[in-house]
Structures are given as structure tokens and as C-alpha cells.
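**Student:** Read off the chains here:
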Amino acid sequence: MRELRELWRDTRLVVFTAISAALYAAILVPFKVMPIIPGVTELRPANAVPVICSFLFGPAAAWGSAIGNLIGDLFGGIGPGDAFGFAGNFLYGLVPYRAWEAMGGGDPVPRSLGDWLRLLFVVLLAAAACALVVGWGLNLLGFVPFPVLGNVVLWNNLIAAGVLAPLTLRVLYPRVRSGGFLYFEMVSGRPRRARGQRLWLAGAALFALGGHLAGNLIYAGRWLPPWVAVFDVATPSRAFEVGVGLAPFIVGLFACVLLL
Amino acid sequence: MRAEMRVNLYIDRDTFLHRLHPQVKLGILAATFASIYAIDRPLLVAPAPVALGLLLFAAGAAGNARRFAPMLLAVPVATFTMWSLFYGYGANAAAAPPRSEAMEFAAAMALKLESFVLSSLLCLSITRVEEFTEALRGLGVPYRVSFTVAMAFRLVPLFLGSALSVVTAQRARGLDFSRGSVLARLRRYVPVIVPVFMGALRRADAMAMALEARGFGRRTRRASFVRSRLAPRDLVVGAALAAVVLAYLSAWALGYGRLGGGR
Amino acid sequence: MDDEALAYERFAVSYAAPAAAALDGVSLRVARGEMVAVLGATGAGKSTLLKCANRLVPTLRRAELRGTLRVLGRPVDGLAVHDLADRVGFVFQDFEAQLFSTSVEEEVLFGLEQLGVDPGAMAERIRRALDSVGLAGFERRDPATLSGGEKQRLAIGAVLALEPELWLLDEPSTDLDPAGRRELFALLGRLRAKRGTLVVVEHDTEAMADADRWVVLDRGRVALAGRPPELLERPDELAALGVRPPDLAVVCRRFGVPAWPLDVERVAERLGALGRRLRAAPNAAAESAGEVVLEARSLRFAYEDQDRPALDGVDFTLRRTEFVALVGANGSGKSTLARRIAGLLDGGSGEVRWRGRPLGALAAGERAAAVGYVFQNPDEQIFAATVGEEIAFGPRQMGCAPEEVWARVRAVIEAVGLGGLEERDPFLLGKGERQKVAVASILALRPAVLILDEPTTGLDFAEQRALMDVLESLHAAGQTIVIITHVPWVVGRYARRGVLLREGRVRFDGAVAELFADEALCREADFVPPEIARLGNRLGAAAVDVERFLAAWE
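Residue numbers (this note's numbering), protein chains in the order written: chain D, 1 to 260; chain B, 1001 to 1263; chain L, 2001 to 2554.
Simulated from the structure, these hints should not be mistaken for lab results.
All clues stand as given, with none of them false.
Label-pair restraints from in silico Cβ distances: (1) D:Ala202 / B:Arg1013: 53 to 59 Å; (2) B:Ala1062 / L:Gly2417: 56 to 62 Å; (3) D:Gly105 / L:Arg2190: 52 to 58 Å; (4) B:Arg1013 / L:Asp2346: 29 to 35 Å; (5) D:Trp155 / L:Thr2145: 36 to 42 Å; (6) L:Asp2131 / D:Arg2: 45 to 51 Å; (7) D:Ala202 / B:Gly1140: 32 to 38 Å; (8) L:Ala2021 / D:Arg2: 34 to 40 Å; (9) B:Ala1253 / D:Arg2: 43 to 49 Å; (10) L:Thr2317 / D:Trp155: 52 to 58 Å; (11) B:Leu1073 / D:Ala202: 42 to 48 Å; (12) L:Pro2075 / B:Arg1171: 53 to 59 Å; (13) L:Glu2472 / B:Arg1227: 53 to 59 Å.
If the Cβ cut is set under 7 Å, some of the chain B residues that face chain D in the computed set are: (14) Ala1200; (15) Met1207; (16) Gly1217.
Ideal placement from N, C-alpha and C gives every residue a C-beta, glycine not left out.
Build out the structure end to end from the sequences listed, making use of the hints.
**Tutor:** This is the structure:
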């Protein structure tokens, strides 16, 4: 928690935040030309940027991806849904470095099959966290069904970052370290290992992936969580069912990631 | 190099809309949302995109509308298609809403999302980045955060230009983005992303130095230059926006704009 | 002492990571109102010297400091960079990195707000600062739309508004074109006239001839210091320290006449008075070139956001084994022409033929084997983990077999003099070597014609020489070369044919010596021939470089 607030005091971390945001937006904006779901999201090789930045710049990447996504959205029609885009992308930049540390840390460079699997798990977790928040928010507002947006964001993030983040980190990470630009070296020392870190990691994975599954099931009418059923309300856009049904998952996800 | 210009959509004119206070300009976005959000009848939503389109012309931003024509066309079409399929999806046959209702909902949603695109296009056309960040500060966003947003805006064209140079340079070495499977094509971004990142990092160091050298990080109280003041026209426009929102909300409260089975 | 602006005493700096000694016992004193030029090769410690004076080192780059340093009469130990911001102004080489705002006015306002200047006085301070740097009327412009020279002047204006007493400028002209450099040096002259104290790191000795003092650093020590009139008498020592001495100083030294004042007309008078005679024509007859390989006819091209066409009816013919320099002001169409004939730019009218066939009709592989293009900034293409992998990238994209790829890699590494560096990380090499990697990675495609866009930008004198010597040896081995450059001595020393562009048209196409002889034409197209050529013109025999000048007169 604290590092997310304190980074604003350090000039270099402010610069890293602006750079993460601008790199993300600069690669997002040109791809606004060929959207998949126009106006809401689009195919983005840029989606690897927050994950790469997360490993290099730590918390600056969380704020950076949130701001960068917002700038990108300005060029595709900003609306109330962008608050959820902000929050979702905040997690997208925050989860990778935290989850990586919880899984033992070390250089995020794929040297063995084990490294690849760990990296891909981290990317999956970050992608699912982002997709859950964005998909939930836009369905809550009644703009886009969860199965459309939640799944598109998940796959976009997963494919782009799953391929590009490990490959670019392999070249970037050692260089950035030798230049003394890594977040951890700048703030002198890695963050303290929180007790029960693995527990929070498991919780985050459970809420992110479980929430994703739940969202799809709720929309399809295959499952109605008991805490939704008590209200006895049905909306054709599923805004209410998805909105209330996923709320505990969202709260749990944020709690676990912030405690991670 | 060339694309730098294309990032910024601001149209440098001196129209009535341009002269509004930054917070009133953001008020247009908020009012658009607040008015039509709950309305599901297309006929009632329709005035919003029409009005926003007219304002866009009044702001001299027809050129921006032309540039965004593909998006302005695709947004309503895709939204309509999506909701005509997904509306009431999964409900059992007895509770399923009638088909005409799905069509109406889909059309209203298409017009709503179109309005959001139009209102943000309008705001980008009449609002300078520094007005935008000033409005953020007015809304209570801390200085360092709004400054970072402004700096990110400033860096976007720089990095975009650098990405385009890198793409040209790698194409000159035979890199071809159009061949192969999705995975193979994605992998070809590695020779683009790495130089763009390294360039940004080389710069990061100098940027932090330059910021500090100009006094960023001082503990003494920062002074603030007053950039815009509220004028009578801002009150008039603000009141007009409030009236529109109020009219829509009362219409909704009276039951207009709601679809049969929905809520 | 009241008139002391800056004083280093036995001052030493070593960086923590990567560990390296940057300064090794420097003692130097700068008086108020003085303008000091700091010269020296890359890695000599020039930048560190400046960065310590406003605490960028060690605040933002960890380092150990020894000895004493007083800034404006006071020790600075323990101070933060921002504490000094209103007294010490710092200007960086990279003008993009010191602009953070989305309008010119906001950029100047930024520092004023940080320092807590009275808001009522801000508007007037902005106006005065923009006036002084010649940017009045630009208040609402987006810095992204300014030229390089304008951006650097804006950076200076933003510092000027803070009214610093001491100016530290770290290679402010290195990334600028000649017009931008002229504007910059004129502005420095105005700052100086207001009794400003200036310490400038600079490579261009000609531009720094009227500084009060030169300080040459070498491996962290002051190797040479004195007034320009004295140091101009020691061109060999300057050259040995990696500083390019002015052409005129070298000539004066050889003929035993004083170099000061360093002015073409005055030096011509002094040399003319010696009564020496021309022994031979200074420039050998143009060598005969091979057959025509590339032919461009009536090229026209316009960028969509510009009113004036970038190319306005250009004809250009290239023969095998030529060494051509494309020169002219920024925006004259040099890069556009080069990219058009390299097949990197689509659109526009006119046609480019490669050995008689339209360039556009060539297959991708054939085109790569026809024309290779080395972009200005090597960092915009280097991405691989090793030098070898970087160079192998192009041949692999062309589908060469692995043994063919590595045969080519070995050959070009030899050709550009990177032997032994195959396994090194290209990012960690110096700028000069990175530029060689970029050249090698294009050479590996075996292009018949090699085009280089401003290959010497950002390199120090020794690096420039090393790179251009590589090109010269390639040329001697039969490579056809086209360079785009702003650097007059590079044109004279290496190119045989010069093509001068102005506003999208070719104004001159012929031997470099003839181009230099027509100073009026050059001036009109905003290209300044090297001093040695201008001296030659006054003595009745234009020479393209110092060696040929001396050979002709001795």
C-alpha cells in the first residue's frame, strides 16, 4: 500500500510513471484504427507494456498503466466505463511484480521451462484481474455483456503479454539492471516479504479466475449466486445479476492484491 | 515525425465553446452521461448525439469527425448487433423479453455509446491538455498526479515518433509484420519494443535530472498561476447543462424512457 | 571571494554503479561573468564536472565526491538539486528530455510555480524569457511542433525565467542542425552580454573561439587550460586530447603565423603576406565512376501536414563506386530524397529505376540487396542481446541459411572494425561503436548502395573519424556510398560529389570542390563550406580539406 502512495514523492518514480503511461498510450493509440469491439476495446500488442513496466518499475507501472489507458481511451470515446478501465489497468500494472515476488522473485527472465511457466502464470493472473474489473464494470453499467468484454480483454492481454513480456524482458531486464534503473535498486532493497504472501497470492488467483468463470456463468443464466437470488431481480442486460454477483470477487481481488 | 501532429485533436479556434472554463467543458461529458444513461428508448436518446454533432460543427471540429468517421460508424453498428443478440440471453423462454424490446434496447445503447464518443471528441477538440489537467486539479486531484498526466500527454507523440522510426528502421532490415501466424507476428514486435523502451529509459534519467534542476521536489510551497476564471457564460452553460440533465432525470422518474420488462 | 562563481579544488568523483572514476583531482576556478568552454573526448569527465555543480551528481546518480566545491561562493554539500534551481541553471543536450509540458507557456511557467514565485509576477517573467530566446508569439504552441533549435531555446528560456546567476550547459548544440546551432550560439552571446556566467561543454572549437577560457579535460583531469588565442597555437595538443582544432589554427601553425583572431579574412591576409606560391591544384581530378546503378526522375513528394512539397521535381543519378554527400538545410528534402531512392517511402510522383528496372518492381530481397539505409540514431534499431545476433538479424529475415548468415556476420564485423566484440551487449558499447553496429547490420544485407543519414551525429571527434574511416575503406573496396550530413569537414574530407538541396530542389550537383567554391550559392541554401575551403577560396585555390590544402601549398 505504502509504496503506491510514496512513489509520488520521488522524482524518478514520477518520471517512470509518466513514461509507463506514455509508452502504453503511444502504442495503444495507433491501434485505435482497427478496433474489435469499437469504442470499448481493441487488439493491442501494447497490452504487453504494463507487464514489462511492472517488472522494471514496480508501483510506477500500476499508476502508469492506469493513466496510459485513460489517455488511450480519450482517443476512443471516454465514458463512465473508463473508471473501471482505470482500476483494471491499475491492477494490470500492479499484479505482475507483486505476484512474482510472492512466487520467489529473482530475475523475471525466462531461462528454463519453470521460469516460463511462472511468468505465464503471473501474466494470466494480471490479465484475468484486469479483465474481471473491466468486464464487471461495463456490464454493471449495462453497456457491454460480461462474456464479450471480459473474455476479449482477457485474451488480448494474455496473448500479447504472454508472448511479448518474457521475450522482451529477456533482453531488457539485464540491461536495465546494469544501468541502475530498476525500481528495487532505486528505492534500495526489495519490499519486505509479507507474512502469508502465498496465501494472498492464492486468494488473488482464486478471485480473479473464479470471478471470471462466475461472470460467464451468471450471464449465461447457468448460475445465480445466492446473494443475488435474495433480491429476486432480473435485468435483460444482466447488469444487476453480474454487478452484484461479481462484487464479492472484486472486493476480494483488490484486498488480496493490495495485501500481497 | 508526421504522426506527432495527429495525436493531438485540439482545434485551435476561438469559438464560444473554446472559451468555456475547463471544468464546464468536462461538465459536457458528465452531463451527456447523466442525461441518457438510464434512458432505454432510442427516440429519447437520439437528441443527444444530434446535439453533440451540431456542437462539434460549431467548434470547427468537423475535420476531427471526418478522421474518426470509421469509429463513429462502427461503434453504433457493433453495439446494435451485439445487444440485439445478447439482450435477455440465457433467460428461460417464459421470461424472455419480446424481440422488439431487444431491438429497441440495442438501438438506444448504440446511440448512447455514440454520444459518449461524440462528447469525448468534442471535448478533445476544444480542450487543451493544460486545461484538462487544470480541471483535474480543480476536482481535487493532487498536483503531482495531474502533472504526471500532463507529462504523459507530452511524451506520447515523442514515443509514438520513436516507435515509427524504429518500425521504419527495422523494415529497412527486412522485418515484415504481415507474414505468419498471430504468434509469429506478435514476436516481430520484439525488435520494435526493445529499442523504444531503451530509448525511453535513456531519456528517463535526463528527465528526472531536468525536472529537479528546474525546482521539482522543493519542499517550499508551490505557487499556482491562475489560468482560467469562471465567466458569466460558464454559469449560463453550466445551468443549461444542469437543466438538460434534470429534464432527462424527471422524464425517467415519470416512467418515460423505460422499456417494458426492464428496470 | 565576491567575484567567484564556481571553484573546484582537488575535486574527484567516482561513480558507484557501474563503478568508474569520472574526475580525478580537478582544480578550476570560474569568475563571475566569465564564459568557459569545457572540451575533451567522450568519457573525459566533462558532464560530471557540470553535474556536480548543481548536485545532480551525487543526488540522482550515486557517486563518491572528494575535495572541495564552492558554487556562488558557498559550499554545496548536503544540498538537493532543487534547492539550487533558482541560482544555477542547467541545460541538457537532449532537448526532448527537458520539456515536460504541452505548451510553450506552460513550460516556462513550470519552474516558476515550483519555486513559488509571486503569481502576479509570473506573466511578466514568461514574457521576458520568451522574448529573450526569440519565442515571443509561440506561447500557445505545442513543443512537439517546434524545431530542434526552437526546443533547445525553449529549454533555455524556461531556465532563464528562473533568473539563475550561473549557467551550466552540457553539450547544448550537439543534437542541433546548423541553423539551430547558429541560433543557440547567438543566444549564448546575449546571455553573456548580460553578465551571465556560462560554463559550456562543447565539441565545436570554432564556435567557442570567443569564450574567455578553454578547459580541456582528459580522463578526469584538466589536461590543458588557457585563453583561446594561446591554445589555438597548439592544435596538435588539442587533437591528441580528442578535440578537433579549427582548420585555420592548423594551417596557421604549419606556416608559422598567429592564429588569432580566428577569422577567415584575417588569416587569408596573414597567409597572403607570406608570398607562398601554389605548387599544385589542391584537388585531384574527380575519379571516374562506374556505370549508372540508380536513376531517379522528376521526384515529387509532399507530407500531408505540410504546405510546401518536400521534393519538388528532383532528378538524381547514382553511379557505381561514387561517394556522394547530400547537403542542405533541415527541411530541404535530403532525407526525403534518400528514403525515396531507398524505396522506404511510398507515394508522390516520379520514378526511381534500379539498373533500368522500376525500384518498386523489385522483390523484397532484391531491394535489400540494392540499397541499404542506416538511420540516424543507431539506438532506434539495436535490440539484440549480442553484437553478432544484431548483425545476423537482417540476413535471417532475408532467409539466408545459418552458415551464410554467420559468414556475412564475420565479414562485416571485420570490415567495420568490431572484431572481438561479437559476444558483447551492443547497448553497453559507446555511441561510436553502436553506430558501427548499425552500419554493420545493414552491410550484412550486402547492399550495392549504402545510404547513411547523418552518421556522425552525437559522436566525438575521434569517433567521427573512426566511423568515417570505415566508410572510406569500404569505398576504397568498391562500395557505393551516399551520406546525408550537416558537417562541412566530413563532406570535404570524405565525399567526392556533393548534392545541394534547397526547398525540395537540387541547387547544385557536382564535385565537392566546385560546391565549396561557390560560397554565394551555399549561403543561399544555408550550407556553410568548411573554413579551410573558404580560406582556399580567398587565396585563389579552393581545397576540400586541410591535408590537401597543405599539400598544395608546401
